[in-house]
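*Asks:* Guided by the hints, dock chain B onto chain A, whose structure is given.
Residue numbers (my numbering), protein chains in the order written: chain A, 1 to 112; chain B, 1 to 112.
Since the hints were derived computationally from the structure, they do not count as laboratory data.
Remember, predicted model here, so these are calculated numbers, not experimental data.
Any given hint might turn out to be false.
[Stated by the list, open to error] Residues from chain B that keep clear of chain A, each with C-beta distances beyond 12 Å, as calculated:
(1) Gly16
(2) Ala17
(3) Glu57
(4) Pro81
[Said to hold, decoys possible] If you want the footprint, here are the derived chain B segments under chain A, 3+ residues with CB under 8 Å:
(5) 28–40
(6) 43–49
(7) 84–94
(8) 99–106
Backbone N, C-alpha and C define an ideal beta-carbon position, used for all residues, glycine too.
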Amino acid sequence: NAGVTQTPKFQVLKTGQSMTLQCAQDMNHNSMYWYRQDPGMGLRLIYYSASEGTTDKGEVPNGYNVSRLNKREFSLRLESAAPSQTSVYFCASRRQINTEAFFGQGTRLTVV
Amino acid sequence: QKEVEQNSGPLSVPEGAIASLNCTYSDRGSQSFFWYRQYSGKSPELIMSIYSNGDKEDGRFTAQLNKASQYVSLLIRDSQPSDSATYLCAVNQKNTGNQFYFGTGTSLTVIP
Numbered sequence: 001n002a003g004v005t006q007t008p009k010f011q012v013l014k015t016g017q018s019m020t021l022q023c024a025q026d027m028n029h030n031s032m033y034w035y036r037q038d039p040g041m042g043l044r045l046i047y048y049s050a051s052e053g054t055t056d057k058g059e060v061p062n063g064y065n066v067s068r069l070n071k072r073e074f075s076l077r078l079e080s081a082a083p084s085q086t087s088v089y090f091c092a093s094r095r096q097i098n099t100e101a102f103f104g105q106g107t108r109l110t111v112v
Numbered sequence: 001q002k003e004v005e006q007n008s009g010p011l012s013v014p015e016g017a018i019a020s021l022n023c024t025y026s027d028r029g030s031q032s033f034f035w036y037r038q039y040s041g042k043s044p045e046l047i048m049s050i051y052s053n054g055d056k057e058d059g060r061f062t063a064q065l066n067k068a069s070q071y072v073s074l075l076i077r078d079s080q081p082s083d084s085a086t087y088l089c090a091v092n093q094k095n096t097g098n099q100f101y102f103g104t105g106t107s108l109t110v111i112p
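Only chain A is shown next, with the shape it has when bound in the complex (with noise of 0.2 Å):
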């Protein structure tokens, strides 16, 4: 049981270019989240997707875009990737709300 799997574990960007980070979950969870974590700040919220075929910002949302393609996978893109977008990136997904989540690996993002 893989569990929620992203991709990839490490990637390093130069200013001004684009990429879109991929998570898909095989636990037939309704909901989906990207929190981004930089020391000191804990886990911040930049999406989450309530169930398939809706997505709401969170508390971080500039500069990023999402996208709930079914209900296995949510992506997160960055069109022009900033310094200040370096950071850990985790997606979670949940059966509903009230229940735990549950994390992917993370993707170490640098951009340069």
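*Replies:* Below, chain B without anything else, positioned relative to chain A:
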């Protein structure tokens, strides 16, 4: 005011002692509460969930919830060096629907 607040620590306890971690939240209508453990360079993993006032025990871990005072705590009995990690509190707040907020985490070091 942040939605979920934790003392960032660091907290140091000797091996065998009780470690006490605290978390406060802003929305009185919050319904579900979670504690995660995160080792350095790894993704968060669920330790416990709690939904009702009172204590919930699982092995060496006890979660305590007090909705009137809006805090949730985690006690770790007989602390081991392997418990050294960052502990994250997460709250599903009623006023934010399916959003899932985390505190900044408390760093715990268990000294052999």
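*Asks:* Are there three or more residues in the segment 28–40 of chain B whose C-beta lies within less than 8 Å of some C-beta in chain A?
*Replies:* holds (count 3)
*Asks:* Taking the minimum C-beta separation from Pro81/B to chain A, is that value above 12 Å?
*Replies:* The claim holds: Pro81/B sits with its nearest Cβ about 23 Å from chain A, beyond 12 Å.
*Asks:* Can we trust that Glu57/B is non-interface, i.e. its beta-carbon lies farther than 12 Å from all of chain A?
*Replies:* Holds: least Cβ distance 17 Å, greater than 12 Å.
*Asks:* Just double-check Ala17/B for me: nearest Cβ-Cβ distance to chain A has to come out over 12 Å.
*Replies:* holds, 25 Å
*Asks:* Taking 8 Å as the Cβ threshold, is the statement that the segment 99–106 of chain B is covered by chain A upheld or broken by the three-residue rule?
*Replies:* Per the Cβ count (7), the hint holds.
*Asks:* Do three or more residues from the segment 43–49 of chain B put their C-beta atoms closer than 8 Å to C-beta atoms of chain A?
*Replies:* holds (count 5)
*Asks:* Holds or violated: the segment 84–94 of chain B covered by chain A, criterion of 3 or more residues with Cβ-Cβ distance under 8 Å?
*Replies:* holds (count 3)
*Asks:* May I ask you to check that Gly16/B keeps its beta-carbon over 12 Å from the closest beta-carbon of chain A?
*Replies:* Holds, since 29 Å exceeds 12 Å.
Violated hints for the displayed structure: none, as all numbered hints are satisfied.
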